[in-house]
Every structure is written in structure tokens, then in C-alpha cells.
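Residue-level listing of the chains:
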Amino acid sequence: MCLSIPSRIVSIDELNNACIDTMGVQRKISLDLMPEPVQPGDYILLHVGFAIAKISEEEALESIKTYREILDSMEAAEQQESP
Amino acid sequence: MCLSIPSRIVSIDELNNACIDTMGVQRKISLDLMPEPVQPGDYILLHVGFAIAKISEEEALESIKTYREILDSMEAAEQQESP
Amino acid sequence: MSIQQLKEHLRHPSVISSLADDINKLGRTIDQPLRIMEICGGHTHAIVKNGLDTLVTQVVRFVHGPGCPVCVLPQSRIDQALYLARENGTILVCLGDMMRVPGSEGETLQHCRAQGADVRFVYSPLETLDIARKNPGSSVVFFAIGFETTTPTTAALVQHTIDAKIPNIKFHINHVLVPPAIDALLHGNRQRPDAFIAPGHVSVITGWKPYELLSQKHHVPIAVAGFEPIDILEAIRELLICHIKKIDITLNSYHRVVSYKGNHRAQELVDRYFDIRSHFNWRGLGSIPASALQFREEYSHLDAETSIPHIPAQDTHPTCQCGAILMGQSHPWECPLFGNACTPAHPVGSCMVSNEGACAAYYRYRGVSL
Amino acid sequence: MSIQQLKEHLRHPSVISSLADDINKLGRTIDQPLRIMEICGGHTHAIVKNGLDTLVTQVVRFVHGPGCPVCVLPQSRIDQALYLARENGTILVCLGDMMRVPGSEGETLQHCRAQGADVRFVYSPLETLDIARKNPGSSVVFFAIGFETTTPTTAALVQHTIDAKIPNIKFHINHVLVPPAIDALLHGNRQRPDAFIAPGHVSVITGWKPYELLSQKHHVPIAVAGFEPIDILEAIRELLICHIKKIDITLNSYHRVVSYKGNHRAQELVDRYFDIRSHFNWRGLGSIPASALQFREEYSHLDAETSIPHIPAQDTHPTCQCGAILMGQSHPWECPLFGNACTPAHPVGSCMVSNEGACAAYYRYRGVSL
Amino acid sequence: MNTSDLPEHIRLSHGGGGQETQTLIREVFYRSFGNDILLQAEDSALFHLNNSAHIAMTTDSYTVSPRFFPGGNIGKIAVCGTCNDLAMVGAKPCYLSCGFIIEEGFAIAELRQIATSMASELSTNGCQLVTGDTKVVPRGGVDGIYINTTAVGECCFTPPPSSSSLKPGQVLLVSGNIGSHGAVIFCHREGIDVDSGMQSDCRSLWPVVHALLPFQREIVAMRDATRGGIAAVLHEWADQSETGIQIEASSVPVQNEVQGFCEMMGFEPWHLANEGTFVLAVEAQAAQAVLDILRKHRSSAAIIGQVIAEHPQRVILQTPWGTRSFMEPPTGELLPRIC
Amino acid sequence: MNTSDLPEHIRLSHGGGGQETQTLIREVFYRSFGNDILLQAEDSALFHLNNSAHIAMTTDSYTVSPRFFPGGNIGKIAVCGTCNDLAMVGAKPCYLSCGFIIEEGFAIAELRQIATSMASELSTNGCQLVTGDTKVVPRGGVDGIYINTTAVGECCFTPPPSSSSLKPGQVLLVSGNIGSHGAVIFCHREGIDVDSGMQSDCRSLWPVVHALLPFQREIVAMRDATRGGIAAVLHEWADQSETGIQIEASSVPVQNEVQGFCEMMGFEPWHLANEGTFVLAVEAQAAQAVLDILRKHRSSAAIIGQVIAEHPQRVILQTPWGTRSFMEPPTGELLPRIC
Ligand code: SF4
Ligand code: SF4
Ligand SMILES: [Mg+2]
Ligand SMILES: [Mg+2]
Ligand SMILES: [Mg+2]
Ligand SMILES: [Mg+2]
Ligand SMILES: [Mg+2]
Ligand SMILES: [Mg+2]
Ligand SMILES: [Mg+2]
Ligand SMILES: [Mg+2]
Ligand SMILES: [Mg+2]
Ligand SMILES: [Mg+2]
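Residue numbers (our numbering), protein chains in the order written: chain A, 1 to 83; chain B, 1 to 83; chain C, 1 to 370; chain D, 1 to 370; chain E, 1 to 339; chain F, 1 to 339.
In case anyone wonders, no lab produced these hints; they're calculated from the structure. Don't take each hint at face value.
[Claimed, not checked] Lysine-lysine pairs mimicking DSBU-like chemistry, simulated, CA-CA at most 30 Å apart: (1) B:K54 - D:K209; (2) D:K134 - C:K134; (3) C:K209 - C:K261; (4) A:K28 - C:K7; (5) B:K65 - D:K261.
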């Protein structure tokens with residue numbers, strides 16, 4: 001899957017390296033391949049030590065919202081079935 | 001004592017090295033420092049991997065003979081004391 | 001948003017069930033199960049491991065695609081890696097996956113290392129710089145493999161090597177291109193899949209534009225998808241709708257990281273150092289024109305491949321069903337060698353090589369029994 | 001004759017007793033015990049270990065001489081060896097004895113190796129060639145010590161290094177000369193010994209001629225002796241006879257290997273590469289003119305000493321009695337440091353340094369109690 | 001003699017605790033040394049000696065690098081690891097032997113630190129070091145220091161737990177979060193910063209095993225999940241008992257950071273080594289009571305699955321959405337993945 | 001804390017079995033681990049376990065280079081050496097543990113040879129290997145293979161022999177020619193040809209110790225003269241018993257070749273290691289009978305001296321011509337001499 005992991009940028013140094021956090025594990029990676037500026041707090045996709053894309057938080061929140069709706073509608077349905 | 005051990009030459013190779021025997025232990029040494037020709041069977045004095053002198057068998061036998069005589073005269077004396 | 005939250009949502013059991021229900025409901029309207037090829041082994045892995053296929057058995061039949069860069073690498077290329085590793089004074093550096101892949105004699109780089117060769121794996125290609133600096137008397141060869149996702153990281157290493165004037169790094173380039181392979185698969189395949197799931201992280205770099213071109217040329221729906229269970233089910237649902245509505249377009253279901261044009265910076269970097277190879281041999285698919293990269297002429301002094309004697313490509317094992325599996329004509333467990341002569345420890349065909357190969361995924365996660 | 005036979009004869013208990021009896025009988029005719037200095041530590045070692053002195057206590061008082069090349073080496077020279085060993089990329093090679101000798105800070109080459117320096121001992125200097133060949137990237141320094149016996153073996157290594165064009169061997173030369181040291185000892189020593197036992201294996205190389213010159217100059221009898229108990233007792237008997245008859249000549253009691261002119265081949269080889277150093281500092285004796293060797297001008301490129309910063313010579317410990325012991329004015333056990341602050345593991349003065357030093361020989365084989 | 005499973009040379013994976021290790025042991029060591037006690041292949045050997053009741057004995061060598069890591073060091077691990085193997089057969093660690101192999105030039109201050117950790121861990125176990133050996137090898141002969149410890153102890157569980165007696169219906173538990181030791185060690189070797197607070201689980205298990213004594217009859221098997229992780233234990237148990245094992249993937253306790261590390265490297269937490277975490281097979285009726293005791297020692301202890309009759313010799317992972325897959329057995333060396 | 005006797009870094013001589021080893025053990029290990037059993041400092045620890053009679057336990061690591069040598073290999077020595085340490089306290093070797101640390105790339109054929117030698121030597125001892133461990137380390141992490149063995153056994157001698165109970169008048173014996181193991185190993189390392197037929201004395205001692213059982217009350221102490229040679233044993237005994245020891249230099253049995261080797265290198269045979277030769281202290285009245293039994297196993301066994309009241313804590317060498325000197329204690333690493 002060209003193994004790539006969402007991670008959060010913790011800090012950026014002057015050599016275009018970033019310290020990133022993956023669920024609590026931090027390591028140094030390269031920003032050499034980033035096509036757009038990033039800053040601490042941004043989420044990026046990490047592949048073999050390189051950030052290769054910024055994760056669109058907007059899009060991510062959008063899908064979370066969609067799934068949240070699915071869940072809510074399911075709960076509503078369940079409550080109807082077993083009142 | 002500039003530790004040096006009498007050893008017997010077992011064989012000589014074309015690079016002026018000899019295989020020598022020290023009471024049953026054999027090893028390769030250099031003849032680079034030998035001032036006179038030697039051949040298998042000769043006794044030499046060995047110092048840090050070099051033969052540094054040929055042992056005069058004549059002289060060695062001479063001292064053995066002397067000591068043999070001392071021993072013989074002692075035995076004779078003992079026999080006189082306790083017949 | 002935290003990553004934690006995002007992940008939890010993308011693996012939520014109820015959402016998964018709900019999506020699978022949707023798909024199964026939609027599927028009532030079609031006669032034959034939809035034949036979807038997931039191109040990328042990462043998707044194969046996620047589908048088999050998570051049992052997603054078993055949730056939609058009636059509606060979808062998965063055709064497992066070329067797999068991953070490791071699987072498609074022909075044995076002769078691994079023989080070259082072994083050759084380089086065994087050279088005196090050479091340190092061969094590669095990414096972890098490569099260590100376990102056997103060449104034509106069954107030997108891996110791990111074996112080669114056990115026999116005394118200096119072979120090291122790195123997590124990031126850039127670690128090679130440090131190895132070269134610490135071993136100035138050695139010649140360091142970076143054995144580069146990967147789809148479009150990984151190629152830019154090799155290009156970044158090339159750039160650092162040149163900029164820092166490090167004299168003792170060379171490269172063995174095995175970077176392949178996904179779209180030409182799909183194109184080849186579609187050409188002259190009578191049982192071609194009805195729809196495709198396009199690789200998500202390859203598309204992060206290339207954008208989804210190349211798949212749009214393929215949709216148009218071959219009249220087939222394609223969805224770019226992420227790798228979480230819900231990402232994949234979402235893509236399946238979209239493709240099913242397209243199929244039902246007979247719309248042959250490319251859809252991007254992986255909005256959060258994939259754009260239409262991709263990562264231009266990565267593309268430029270790759271472009272600077274590499275151009276297209278006229279042909280490249282894909283394990284399981286054979287020779288495909290313009291499907292891989294090579295150093296541009298002006299960087300050929302960095303190419304370690306030029307110093308290697310010709311190593312002939314191996315014939316495929318006559319009984320191996322890889323070809324048929326990749327064409328969607330056969331299932332892994334239908335191959336007589338599956339789990340017998342052919343296991344991940346001793347793979348016969350490409351599909352058994354890495355975790356992402358179809359045969360390997362079934363062997364590891366499903367066996368013949370689950 | 002076998003070596004076995006020869007050895008047995010030279011250690012035969014009855015012959016030893018008989019010789020000791022002879023000496024004791026002869027001794028009845030003298031008032032004061034004969035003060036014999038054995039110059040060579042090998043003789044000291046043999047006398048103390050075999051208890052030969054205790055067999056002739058009434059007749060002979062032994063004065064223990066300068067000892068061995070290891071003992072007389074000033075600490076500053078060992079500091080130089082440590083300096084070289086600690087250089088990055090340098091392999092320091094020496095003969096086994098050197099490994100345990102402390103420099104001015106108490107550190108030995110063994111310690112230095114434990115701290116990471118590449119220090120190796122060899123049985124034969126020629127083994128250095130192999131070390132240099134196997135480590136082409138390293139600079140190999142042979143730390144050369146020894147009396148006349150050992151110097152030719154260093155010269156042979158120099159010759160091989162030059163002939164085989166081995167670029168990475170250098171030398172640190174610490175070869176000293178015995179006759180100048182004896183000459184220095186005799187000058188202005190009011191309690192000078194009555195007779196000398198000259199070193200047997202040094203004489204194998206030099207011949208006994210140099211001692212004849214010393215006998216003539218200083219009017220003292222000298223006997224060249226071997227190292228077996230009977231060799232030594234034989235020499236003592238001869239010296240006693242000379243003393244009684246007031247004949248101040250040099251006698252060769254080591255006929256089987258020592259000639260008048262010595263080993264001309266070894267002498268020539270030494271001569272080819274080395275000439276006399278104007279002064280050399282002897283531990284325990286101080287600076288003695290013309291008592292050591294150095295590379296001839298044309299071979300100075302092989303000299304590792306030139307690259308070392310000046311390391312000042314250490315003062316002798318004020319309480320150490322080495323000087324008095326070497327002059328025959330004191331016994332090891334009379335020194336207040338003996339066995340207390342000064343032990344073979346932590347020697348204060350030169351006489352405690354190696355097995356051949358007088359203090360070390362007493363400490364190891366006799367203590368204060370035997 | 002079929003030795004086709006063995007190559008000509010030893011590979012790192014022969015020491016990885018997985019399939020290749022088993023092959024080596026079977027093809028070389030069992031051939032030379034096979035005897036009834038050895039072939040039990042439990043964590044510790046059980047025998048009688050000079051008219052004693054059951055005695056347990058076990059050995060392990062420790063070559064861990066780095067030597068000091070968050071949560072422990074090679075000395076602590078050398079005592080825990082070996083005493084834990086005794087605890088796993090229900091034996092109290094009593095006497096320990098220790099063989100040090102040290103590289104010339106090793107810092108004595110570091111050796112003291114190691115010895116101090118060992119002493120403190122011995123006291124946790126109530127165990128005495130009674131015989132030792134120290135070898136010093138020239139530079140390059142060893143990577144700093146390696147330690148072998150061997151322990152003997154008194155069996156307190158009747159019957160001793162045994163990994164070949166699993167039966168369908170029994171419940172599987174784990175004593176706490178898994179994988180942290182393997183993750184910490186890998187991170188340190190690969191230069192990954194773990195300020196994040198990941199800590200090796202390195203700890204002595206005798207105290208908790210002692211607390212489990214009242215359930216000695218209901219505890220069927222215990223195994224500390226060292227090299228190869230809990231996957232190695234579960235596969236070995238399934239294999240030896242010829243039963244199936246089913247694990248609820250979502251019940252397996254994994255610390256967040258360890259999960260993050262796994263995603264980054266492409267690992268599964270059940271393949272990561274532990275040094276103070278063990279798996280238990282327990283009769284169903286005692287599962288909750290055993291869990292309660294385990295949780296007093298570590299709150300993350302959990303019931304993770306059960307022994308099943310289907311799929312003998314297989315370990316099945318059940319997802320929360322109802323699908324199933326095999327749990328992969330460990331494959332030796334951990335290699336970070338790109339795909 | 002007086003640690004002035006310890007330098008900052010470990011030296012080869014800390015493993016040499018001589019004074020520096022003793023200092024390291026005292027200053028580091030006894031400080032951390034001191035307990036009554038350990039402080040006995042015998043070849044094996046003695047204790048009771050689960051209501052047993054006396055049990056003995058001992059451990060050693062084997063790093064010998066070369067691995068194969070005339071008369072044995074690292075496997076043979078790993079079993080002999082450890083079993084011998086049990087035999088020296090009058091215990092029968094019963095159960096052995098074994099920890100292998102193997103370098104990646106080691107030839108499996110060689111490992112088989114080593115295991116085969118171990119098995120054969122185990123059978124000589126009537127001992128079983130019951131638990132083991134295999135670690136594989138990356139190239140350079142170890143020099144080929146190191147082996148730790150730990151053995152437990154049943155004490156058969158009542159009272160167990162003890163090195164601190166020597167009394168004046170007792171007689172000292174050695175079980176055969178000394179120094180051959182040390183000589184063979186040194187020769188091989190230094191590339192000295194030993195076609196001459198020098199062979200390591202490497203052998204198991206339980207058979208001869210078993211034959212000595214009838215004299216268990218008269219045998220005061222036994223010690224295999226490994227690192228540091230018989231000089232190390234004699235000095236330790238003199239030291240611990242606070243007696244003097246007098247040795248007839250000419251009675252110490254040394255093979256011709258070993259003597260030749262010693263003269264060449266400037267060594268004394270009593271400083272050379274043995275691997276199947278032991279020293280005994282025996283009540284005078286039983287000395288001849290014990291010698292007779294020893295000679296049935298090795299014709300070169302000899303009475304070499306006696307315990308004396310004078311010169312407490314000293315070992316005295318008596319020459320055939322009636323003079324005396326101290327026997328030098330071993331000083332760690334053997335270094336060939338020029339003077
Ligand atoms: S099981 Fe092996 S041989 Fe068969 S199709 Fe798959 S890869 Fe090819
Ligand atoms: S005992 Fe030491 S200090 Fe005293 S004289 Fe001898 S060497 Fe010098
Ligand atoms: Mg190589
Ligand atoms: Mg150096
Ligand atoms: Mg164990
Ligand atoms: Mg264990
Ligand atoms: Mg265990
Ligand atoms: Mg030991
Ligand atoms: Mg022991
Ligand atoms: Mg031992
Ligand atoms: Mg012993
Ligand atoms: Mg183990």
C-alpha cells in the first residue's frame with residue numbers, strides 16, 4: 001500500500017526537517033517533497049521518512065461528519081426497534 | 001636473559017626460513033641472521049623467531065663429558081663411603 | 001481532529017456493517033457479481049486481512065492486481081542486487097521489504113548478509129547518506145524500488161548525494177509506473193475487470209488525472225481509494241453505482257490526500273533525474289513498454305547497474321497461476337502450488353512474494369480454510 | 001646429543017651440589033665474600049629463582065646489574081609508545097614483555113588497548129609484516145626494544161620492510177648497548193664489584209671481545225656465562241679462581257654458542273640501518289653517552305619518533321634504592337618501598353619492572369621471608 | 001536425514017524465536033540432545049534431584065542492544081527474563097547462576113549499574129545469585145556485554161502449567177499491554193525518538209504468579225511473550241495442543257504509542273517482544289477471577305480470546321465487524337516495510 | 001568505598017582467573033550479590049531445594065579460540081568444564097542447561113559437530129541437557145560462537161570437599177601432566193605448528209572422581225586447574241586456608257612438548273590452563289591409595305607436594321638441589337617474553 005501514515009507536525013527545523021508525531025511516537029522526517037508550506041499542528045502523510053502530502057483537515061472532518069450521521073441514523077433506527 | 005632456546009633444525013625452505021623443533025614443538029623461524037650455513041639436524045639458538053647462532057655440538061658434548069665425569073667420581077666416592 | 005479519532009471512525013464496526021449492507025442492497029439489482037480489480041497490493045492486503053470481500057461476497061468478486069513493487073520485481077533484478085551485495089568493498093542498502101525477497105536461486109539479501117556481505121536496511125532512503133559518510137572506503141549502493149509513491153524519495157537521496165558531493169553512493173533503479181501496467185492489463189484481456197480501485201498513495205504523487213485518461217480510453221470506472229476498511233467499502237459502493245448507471249469515469253474517494261494533479265514538487269524532482277525506460281520486465285506480467293524509470297543520461301555515472309554483467313531473466317514456473325490471477329481468471333487457492341511448493345518463505349510466483357501479493361495475503365490471512 | 005640430554009646435564013642436582021661445594025671450598029681462602037655483579041637480568045632471574053646465591057652465601061655476594069632492556073627503558077619512552085598507540089589509525093606492535101610496563105602515569109599498553117587502542121604483541125618482529133599487509137589503511141609502528149641480542153631482529157624487519165616495499169611500517173627504536181653501560185657503572189663507583197658475569201646471549205651477537213676491553217681498562221675479571229644453573233656456577237668458580245689468582249681477564253664460559261667476534265652477519269645488518277645515539281637515558285642509571293642506537297640519517301623516514309611531541313623524562317622516586325642496588329650498595333629488601341608501594345603490578349623503580357629486575361626477582365621468588 | 005529446512009549458515013532469524021528457530025532446535029539440538037525432559041519444550045525443565053519434589057530449571061542469554069533503555073537495562077532483563085521462565089511453570093525462582101562475557105574496555109561504572117539492577121530484581125524475586133563466571137574477550141569479540149543467567153526453583157503449581165494441554169472452551173488472557181519492549185528496543189536501535197514515554201514492560205512476574213497460586217488448578221498454561229511476541233506463544237500453543245485459538249483483535253491491549261510505532265513501520269503489535277507480559281490459558285469459570293488478580297498488578301490486563309475446536313493449530317483473529325483472518329506467525333527479524 | 005584496585009575499564013586480565021579477576025568479583029559482584037552460598041567461592045554452589053539433600057550448581061561461559069583444537073573443541077570443553085566443576089565438589093552432574101550465542105553466518109555443519117561432541121561428553125558424565133537457549137547476533141557481535149553451560153548435580157561426597165580446610169601434613173596430588181590445554185590453545189592462536197602431538201587434556205572428571213568415592217573422607221579438596229593453571233589453585237588454597245604449600249618442582253608432571261613450548265615463550269607450565277586436570281589435597285595416610293586410583297585413569301598422575309605450617313598463604317617451590325623459591329601467582333594474560 002506504499003505504506004503511509006498520517007502524522008502531526010510537532011516542529012520544523014532550518015534544514016527542512018520536521019519532527020512529527022504518530023500516535024505518540026515522535027521522529028525526524030524530511031519535508032523535501034512537500035509541495036506546499038506546512039506548520040506545526042498540520043497533519044501530513046508520512047512515507048519512508050518523507051512527508052508526501054498535507055492531509056486536508058476539512059476533508060477529513062467531512063468524512064467524520066458523514067460517518068457520524070450514519071451512526072446517528074443507526075442508533076435512531078435501533079431505538080425505534082426496541083423501545 | 002634475552003630469552004634464547006636451543007632448538008634443532010628440521011627442514012629449511014627456499015625463503016631462508018627453517019622449521020625448528022624445541023623439545024617436540026615445531027615452528028617456523030627465520031635464518032636471516034645466521035652467520036654460517038646450517039642444515040637439518042643442526043642445533044641453533046632461537047631468539048624471538050630468529051636463529052642467532054649454531055650451537056657447537058662439540059663444545060656441548062665436551063661439557064656433558066665433564067659433568068659425566070663429576071657424576072662418576074661422586075658415585076665412586078659414595079660407593080666407597082657406603083659399601 | 002486527532003489521528004486517533006480519524007482512525008476510529010474509518011474502522012468503526014457499525015459504519016462498516018452499514019456500508020456493507022448498502023452495497024449488498026445495491027447489488028440486488030445486478031445479475032453477475034461486479035468484478036473489481038484492486039491494482040495495489042496494499043488494497044489486497046487490507047481487503048483480505050479485514051475480510052471485506054466476505055462481507056460482500058454476493059455482489060463483488062475481487063480480482064487481485066499486480067500487487068506491490070516488491071512482488072513485480074523480476075528475479076533477475078534481485079540477482080543483480082545479490083551480485084552487488086557480494087562485491088568486496090560494497091555496502092548494499094535497501095528498504096526493509098527487499099531483505100526477504102528471493103532471487104532466482106532462492107537466495108535473499110538476508111541470506112547474503114548471513115554469508116558475510118554487508119547489506120543494511122534503512123527506514124528512510126536518506127539514512128544512506130550517513131552510511132556513506134561513515135564508510136568512506138566503501139562503495140555504497142542504494143537498491144531503489146518502488147511505485148510512484150517511493151520514487152521521489154530516491155530522487156531526494158540523489159539530490160542530497162549530489163549537493164553534498166558524496167562520492168561513494170551509487171543507485172540501482174527499479175522504479176516502476178502503475179498506469180502503463182494497468183493499460184497493458186486492459187489490452188487484449190477478454191475477461192477484463194468491470195471496475196478498478198486505483199492505488200491511493202501512488203495517486204498522492206501522480207494525482208488522479210492519469211486514471212481519468214485510462215477510464216476514458218478503456219471505458220471502465222475507476223475509484224481512487226484509501227486503505228482503511230471504510231475507505232475501501234466507500235469506493236466499492238461508488239463503483240457499483242457507476243456500474244449500475246453505466247458511468248465510466250474516475251472517482252476520487254480519497255479526498256483527504258489525493259488531488260487531481262498530485263504532488264508537483266515530487267514530480268519535478270523525479271523528472272530532474274529520471275526518464276522513461278523503453279521496456280521493463282514485470283514479474284507476472286512480462287515486458288511492458290515505458291513502464292519504468294532510469295537515470296537521465298547526464299546522471300548515468302550514478303548508475304550501479306552499468307557495472308553488472310548480464311543476468312538472464314528467469315522463466316516463470318509452468319504451473320504458476322500468477323498470470324491468470326492477475327487477469328482475474330483464477331483465485332490463489334486454485335493454484336496447485338499454493339501452500340505446497342509455494343509459500344511466502346519459498347515463493348514460486350510473484351503473487352506469493354510479499355505481504356501485498358494476492359497469494360501471500362490469502363496464505364497468511366485466509367489459508368484454504370477461512 | 002639431544003637438547004633434553006644437554007638440559008638434564010646442565011640442571012643435574014648432584015653436579016650443582018658438587019660445583020657449589022667446590023666454590024665453597026675455594027672460598028675458604030678469601031676474607032671477604034666475592035662481590036660479583038651479574039649484568040644481565042636473565043642471570044639475576046636464574047640465580048634468584050634457582051636459589052644459587054643461597055648455595056654459596058659465605059663465598060659470594062651478588063650485586064644485581066642493570067637488568068633487562070625492559071627495565072632500563074625510561075618511563076618517557078613508554079609514554080611515547082602510549083602516545084603512538086593512541087593515535088587514530090595507528091597499530092602499535094611490540095614484543096610481549098612491553099605490554100605490562102607502566103609509563104609515568106602508571107598506564108601500560110595493555111590498559112591502553114583496553115581503552116580502545118589497537119596494540120598487538122608478536123612473538124617475532126617479522127609478524128609485523130603480516131599485520132601491515134592486512135591493514136593497508138593503518139600506520140603500523142613497531143616499538144623496538146632490546147639489547148644487542150634483539151637489535152638484529154629489528155634490523156631484519158627493517159630490511160624486509162624495505163625489500164618488500166611495505167609503505168605503512170615505522171619504527172620506534174629503543175635498542176641499547178650493554179658495554180657502555182658497564183663502563184659507566186665502573187667509572188667512579190667506589191664500591192664497584194670485584195668481578196662480573198657478562199650476558200650470554202648479548203655476547204652471542206657481540207662476541208666476548210668487548211668484555212676483554214673492559215677487563216683491561218678497569219682491571220676486573222669478567223666471565224661470559226650461559227643461563228643454566230651449572231653454567232652460572234661454573235662461571236662463578238672461574239671468577240673466584242681469577243680473583244684468588246688476581247688475574248683480570250675475560251673468560252668465555254659459554255663456549256657452545258659464544259665466539260670471540262660474535263655474529264658478523266647480525267652485526268653488519270645492525271650497522272647498515274643504525275648508528276650510535278649521542279646519549280640515552282637509562283632508567284636507574286641516568287644518561288649514558290653512546291649507549292643506544294638510532295636510525296642512520298638515510299633511514300630516518302622510517303623513524304616514528306620524529307612525529308612525537310617532546311615528553312619530559314620523569315624524576316626517579318626519591319626513596320627508590322635502584323641506583324644503590326645497581327651499584328651493589330644495597331639489597332632489594334632493604335628498600336622501604338619494596339613489596340609495599342613498589343610491586344611488579346605497580347613498580348616504582350626500574351628494578352621492579354620486569355621479571356629480570358633484581359627487586360622483581362626477589363619479590364616474586366624470595367619475598368622477604370625465604 | 002532430512003535437513004532440507006536448514007541452510008548452510010546461521011541467520012539472524014534462527015535466533016528470532018519463530019519458525020526458523022524451531023527448525024534449528026529440532027534439526028540440530030534435539031537430534032543431539034533429545035531426552036524426555038528437554039522435549040517437553042516448556043519455558044523451564046522440570047525434574048527431581050537428590051530426593052526433592054519438583055524442581056524447575058531454565059536458561060537464557062541476553063544480548064540486548066541498546067544495553068540501557070526506557071524501563072530497564074540488560075541486567076534487569078537478565079534476571080527478570082530467566083526468573084519469569086520459572087514463574088511460567090509455576091515455580092518460585094530460588095537460585096540463579098550468572099555468566100558474564102565482557103568486551104575488553106567495557107566501563108566498570110556501567111558494569112556496576114548492571115549489577116545493581118540485577119541485585120534489585122533478584123530481591124523482587126526472592127532469589128539468590130549463587131554461582132557466576134566472568135569472561136573477558138578482546139575488543140570486537142563481543143558487543144559490550146552479554147549475560148547468561150540460569151535459574152532453578154521450586155515448583156509451586158500442581159500440576160505444573162503445560163502448554164500442550166489446551167482444550168476448547170478455555171479462555172485466553174494477557175497480563176497487560178503488549179509489544180512495548182520490542183517497540184522501545186527497535187526505536188532505540190533505529191534512532192527513533194521515544195520521548196513520548198514508551199517504556200519497556202520489563203518486569204518480574206513471580207509476584208503476580210504467586211498471587212495466582214489459589215487458581216493453580218484452573219490455570220492451564222502460562223507463557224511470557226518474549227521474542228516473537230504473543231503471536232509466537234499463541235501459535236506454539238495451538239500447535240502443541242492441536243486446538244484452534246480465536247482472538248478478538250479489538251480486545252488485545254496495546255498502548256497508543258506502540259500502535260503508532262507499528263503503523264509507522266508496518267508491524268503488528270502481536271509480533272513485538274515483551275519482557276514482563278504473559279499469556280494465560282484458564283478454565284472459563286475462573287477467567288474473571290484470574291483477570292481481577294492480574295488487573296491488581298496491571299490495569300491493562302485483558303481477556304483476549306478462547307480455545308476453539310475448529311481450525312486446529314491455527315490462530316484466528318476476529319474483527320469487530322465479524323470477519324476473520326489468520327494471525328500471522330512471527331517470521332524472525334523485524335523489517336520495516338514500504339508496502 | 002575503596003575501589004582503588006579497579007581501573008575505569010575492563011581489561012583482558014579481569015577474565016584471566018588471576019588477582020585482577022578476584023578484585024573485580026570482590027569489588028563489583030560480591031558488593032551487589034553477596035550471600036552465604038556465593039561467598040563460599042567454591043567451584044560449585046551448594047544448597048537444598050524443595051526438600052532435597054545437597055544439590056550443587058555451577059556455571060561457565062566458553063569463548064575458546066580456536067573453536068577446534070587437538071584434543072577437543074568448544075562443545076566438548078563446554079560440557080567437561082562445567083561438569084568438572086560439579087565433580088570438584090564431589091557432585092554427580094545430572095542436568096545441564098546450555099545457552100548458545102551464535103554469529104550470523106556461522107556454519108551449521110560446525111554447529112552440528114559441536115553439538116555432537118557435547119552429546120558424547122554428556123553421556124560420559126551420565127548427564128542430560130534439559131533446557132537451552134539460542135541467540136543469533138549480527139556479524140561482529142560475537143566471535144563465531146560462545147556457549148554457556150550451567151549444571152546441577154547431586155552431592156555424593158560427605159562432607160563436600162572444601163578448599164578452605166587445608167591442614168599442614170596433607171598431601172597434594174595432581175591428576176596428570178599439566179599445561180597442555182593452555183599450550184595447545186596458545187600455539188594455535190599464535191600459528192605455532194603442533195604436529196608434535198601436543199593435545200589438550202580436555203576431559204570429563206566425574207568418572208575418576210566417582211572412583212575416588214571410597215576416599216571421600218580423606219579427600220580434603222579438589223580443584224580443576226583451569227585458567228591460571230595449578231598455580232592459581234595452589235595460591236587460592238594457600239590463601240583461603242592460611243597455610244603454606246610446598247611443591248617439589250621436579251615432581252610436577254609436564255609433558256616434554258609442553259616444557260619445550262614454555263621455554264620457547266618464557267612461560268612456566270604451572271601458569272598454563274588445563275581442562276581435565278585437577279589438584280587434590282588428601283590426608284597423608286590416603287595419598288598413595290588415591291594416587292593409585294588416579295593412575296588407573298592417567299599414568300602421569302603424581303604427588304607433587306604438601307601442606308606446611310610455615311609461610312602461610314605462600315606457595316614454595318623446592319628445587320632438586322635443595323633451594324627454594326616462591327611459585328609466582330598467575331598474572332592474567334600470557335605474554336611471550338624476550339627477556
Ligand atoms: S501460489 Fe505461488 S505458484 Fe501459485 S499462483 Fe500464487 S504465486 Fe504463483
Ligand atoms: S623496591 Fe622498587 S622502589 Fe625500591 S629499589 Fe626496588 S624498584 Fe626501587
Ligand atoms: Mg559487499
Ligand atoms: Mg591506535
Ligand atoms: Mg529459558
Ligand atoms: Mg526466556
Ligand atoms: Mg519464556
Ligand atoms: Mg568460571
Ligand atoms: Mg563454574
Ligand atoms: Mg570452571
Ligand atoms: Mg573449576
Ligand atoms: Mg530462550
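Here is what the structure says about each hint:
no., hint, result
1, B:K54 - D:K209, "holds, 19 Å"
2, D:K134 - C:K134, "holds, 21 Å"
3, C:K209 - C:K261, "holds, 6 Å"
4, A:K28 - C:K7, "holds, 22 Å"
5, B:K65 - D:K261, "holds, 26 Å"
When each numbered hint is compared with the structure, no violation occurs for any of them.
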